[in-house]
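Asks: Read off the chains here:
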Amino acid sequence: MSITRMFRDWDKYRKASPSGDLEKDHPDYKWAMAIDLDICTGCNACVVACYAENNVPTVGKDRFEHGQTMHWLRIERYWNEADAETPHRGAQFMPMMCQQCAAAPCETVCPVGATNQTPDGLNSQVYNRCIGSRYCSANCPYKVRYFNWYDYPEQEVAWPEPLPMQLNPDLTVRSKGIMEKCTFCIQRLRAAQSTARTEGRLVRDGEVLPACAQSCPSGAIVFGNLADPYSQVAKLWRQQQVELHKDKQDKDKTGDNGGVRGYRILEELRAYPSVLYLERVRDTKA
Amino acid sequence: MNDIDRRKLLKLLGWSSASLAVAGCGNPPESGTGTAEAYSEPGDFNVPGVGVYYASTCTLCEAGCGIKGRVREGRILKLEGSPECAISKGRLCGLGQASVQHHYNPDRLKEPLLRVNGNLQPVTWDKALSLIAEKTKDAGDKFAFLTGPLSGHLKVLVQNYVEVLGSKNHFVYDLLANKANQLAAEKVYGISNPQVQIAKAKLILSFGADFLNCWESPVHFSAEYAQFRKANEGKARGVLIQAEPKMTLTGANADRWIAIKAGSEGVFALGLVNALLEDAHHAKNVPASVAEAVRKYDKARVDRETGVSEEVFGRVLAQLRERSPSLVLSGPSAEGHIHGAQNAAAIMLLNVVLGNVGKTITAPAKIPFPQMAPAAGDTSALIAFNQALSQGRLQTVFFHGANPVFTAPGFMKVRENLKKAAFKVAFAHYRDETAEEADLVLPLDSALEDWGTHVAAYQPDGVQIHMQQPLMERLYPQGTRSLGDVLLTLLKQRRPDEYNPFPDYYAYLKSAAIKNKAAFKDAAADDEEFWYQTLSHGVLNVAKPEPQRIALNPGALDLDLPKPAEEDLHYPLRLVPSVRANFRDGRHANLPWLQETPDPLTTIVWGSWLEIHPKTAGRWGIAEGDIVEVISKSGTIKAQAYLFPGLEPNTVAIPIGNGHEAMGRYAKDVGVNPLKILDPVFEKSTGELALHATRVKLRRTEDNRTVVKDEGWRPGVVNTQMNRKIVATLAADKIKLFPEE
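So the protein sequences, as listed, match chains A and B.
The first sequence: position 279 = 279 (the working numbering), numbered continuously.
The second sequence: position 557 = 557 (the working numbering), numbered continuously.
By construction, these hints were calculated from the structure, which means they are not laboratory data.
Predicted model, so just to flag it, every value in this text is computed and none were measured.
Think of the CB as a built atom: it goes at the ideal place given N, C-alpha and C, for glycine as much as any other residue.
It cannot be assumed that every hint is accurate.
[To be verified] Pairwise CB distance ranges (calculated):
no., chain 1, residue 1, chain 2, residue 2, range
1, B, Asp279, A, Gly255, 38 to 46 Å
2, A, Thr108, B, Arg474, 48 to 56 Å
3, B, Arg393, A, Glu161, 40 to 48 Å
4, B, Lys736, A, Asp11, 36 to 44 Å
Between the sequences and the hints, there should be enough to build the whole structure, so can you do that?
Replies: Structure representation (structure tokens):
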């Protein structure tokens, strides 16, 4: 799609909110996730898997100190502030990556349309359109966009020979001045979609997983096609009574949601994220 | 072939005393899965743009997960867990993922090095091997081979080689071994390596066993843990209670985390035993003598010695009474003391009292080939090796898979003692600290270039033998070699008749597998087909694994735990050298992905730190980022302070793994090594190093630097959610249960 046409038909691609009719918005695919925080152990296997799959550079200690980290996926760790002296209930972990918002705040501020919605419900990042304004990063409520302050392929810390031999040829290595972020491993999705199309079918549930979900030792990350009502991820969204197009779920309106654990982070900002989290659980009798 | 020759051959091939070896033919082969193909089909290497998956085995820790490597245009790109492996079941941890960075590491050794006039200089393999032949000629007991944990055919070859040289000195050293645990299990259950059925337990009480991160088989346990936690209308959610002086990742996931005083775990356990024996259904599980012996562990003593409040003790007790079967685990923080094995036995006794044995504590199958069975290693091996060195009893020493110059405590003076051995050979991937002391450094193939067989110590289901095969051609074909090949070459020099039939390690492994294929499930009748299937699947399932038997004898346990050690006013704090799953004993510190992946609990990257409780820090006047001298009786190191609430206040912790003086650009001069200041304290019944028994004091320096970490930047401010719903928590009795799927 040319950029001229994209800006001309902007309304077609960029909605203030999803319509609520998933079939209309995404007739074939709407990629989504569900992460059970009671099963996530915070082990960081997903983080390393993401480095391995997506050609994410290591930046070294100095740049990390300056906040120039590149990890597309991070595990946030919080403590219960009431138990600050002794954390009797352990720590709180949460994998945080691009939430692939259906009405992403990053999209509206990009002056060149480098980030926009794909028909299968991803928040894309077109590297060779990006001019590095960094408005998207400033506007992202989840802080999951990472900017290449350096030309990492040329930096000794990232890929000295022969480490470049490990780089995944299915996606680029980004250069200086480019914004990047989690893509739900779009290279894997496109390969699976292409195979399915050749075979005249849709991608089957479980046929393709992003690297994080594939490696997760406890299986806390569930990934799939929300447009397929029989997919595991669609079942979980339904079971947890979270609907993509709502900024406040019906179950949360009364104050008592009956112990259904599903929620989306900062839902009230009306970004309509595609990642569902399931609340961490603690047995207070113990 | 006559019978005697056959027996000898089986010994060469590692199958000796295998009763299964003479069984009949196997069943037809099972059909392969779509993606798995044997490496020996070279055509697959050159399908442009298409990644092909080959099976192999992860070698980064002893769990031995089956992996599948994605190969494209002849390059290995990424590793995944193998769904056919009973251990990994298609999953892989971060450490395993990073294996490709060992393979492509820019600091890998590319050619043999010989020390000439004090400097390591390039030398040819031919020269190196003839030098070894010369130096080992009449070695006998003056020769020693120090290795890390080994299993499979590499272990067979190492042991055969040591034996051929007329030596008995094969030392298997593992800093992180759990010898005290094994000894206690032997005493309590009659077997040293029981299976722990995490998924079947309704309650887990763990004393420092970090099973989600670095204890025995973390990938397998993580999958089990998910089952343990999942609740539905038919199954309650499992409860995890963790008691330890320094919070581990498993502790961070606990429903109740208990900051117990270091070394008092046994007292807490026996206090629970004492209370539980008031119940008739628990009392019948042990002889009356046990009840008598534990009577002195009353609530007052538990309260006094463990630092755990009566209220928390009561909660744990109530949970143990309510939830059955439960599972009680003993881990390194309970075992790293003088009375470590006794602590572990006291903890395991809880499983007997609670009737968990047979339910959540089960017996694994016997590994049918003793020669190939894993040699787990321990620290007493290092102590014995070091003693032999210091007494000048060793002339020629080989190293593989162990870096004692880095991992040995400072008081052992390993570097100095090594000077007494005239000829030291390091089989290595990097110029690590031990290689820097060696006279000859021989570069090995990476794990992704090499062949091998592995037998995991923790077998969750039957017995699987894992195949390791190259996932790509050698990066340095002229420089690196397989240790298996080198050992065969050396063995051929000594025993040509026996070893000449095997042109190389590959041929050796292949003939070994084929020779014994009847022992395996679904082995194809045709040898080539069997070998092809073996490599495709990456695992061999032993056809009829023989069960081991649990034999309880709780009456024979020594339940008289020592009084807590006197407080040392000069060294008032306990030091925990904590284990990071990503670095283990420090051998993976040169992988940039792992350096840059934050430590899960502190979120710190690229370095070392001193974890100190905020209360203790206040008392010592220490703030986050302060450079602090950590002083033990055995040495001093400087580390950067990080205020961490997950500590018993009299405990400080420094992670193991960093502080390398060599080993390449990513490891050298990053962080500090807490092992250097350990006190000479030993576990009394195993002779193991007591890793958790060092006492330290602190001295603040004037230096303060920013702690480089992923969490919030302001020092001293708890990373806060600002009252937004970021990580939400729900009480277990509030969760809505759905029907079982």
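Asks: Taking the CB of arginine 393 of chain B and the CB of glutamate 161 of chain A, does the distance hold inside 40 to 48 Å?
Replies: Holds - the Cβ-Cβ distance for arginine 393 of chain B and glutamate 161 of chain A, about 44 Å, lies within 40 to 48 Å.
Asks: CB of lysine 736 of chain B to CB of aspartate 11 of chain A, is that within 36 to 44 Å?
Replies: Taking Cβ atoms as reference, lysine 736 of chain B and aspartate 11 of chain A lie about 39 Å apart, which means the hint holds.
Asks: Starting from the hint 48 to 56 Å, judge whether the C-beta atoms of threonine 108 of chain A and arginine 474 of chain B obey it.
Replies: holds (52 Å)
Asks: For the range 38 to 46 Å, tell me whether the beta carbons of aspartate 279 of chain B and glycine 255 of chain A fit it or not.
Replies: holds (42 Å)
Of the numbered hints given earlier, the model fails none.
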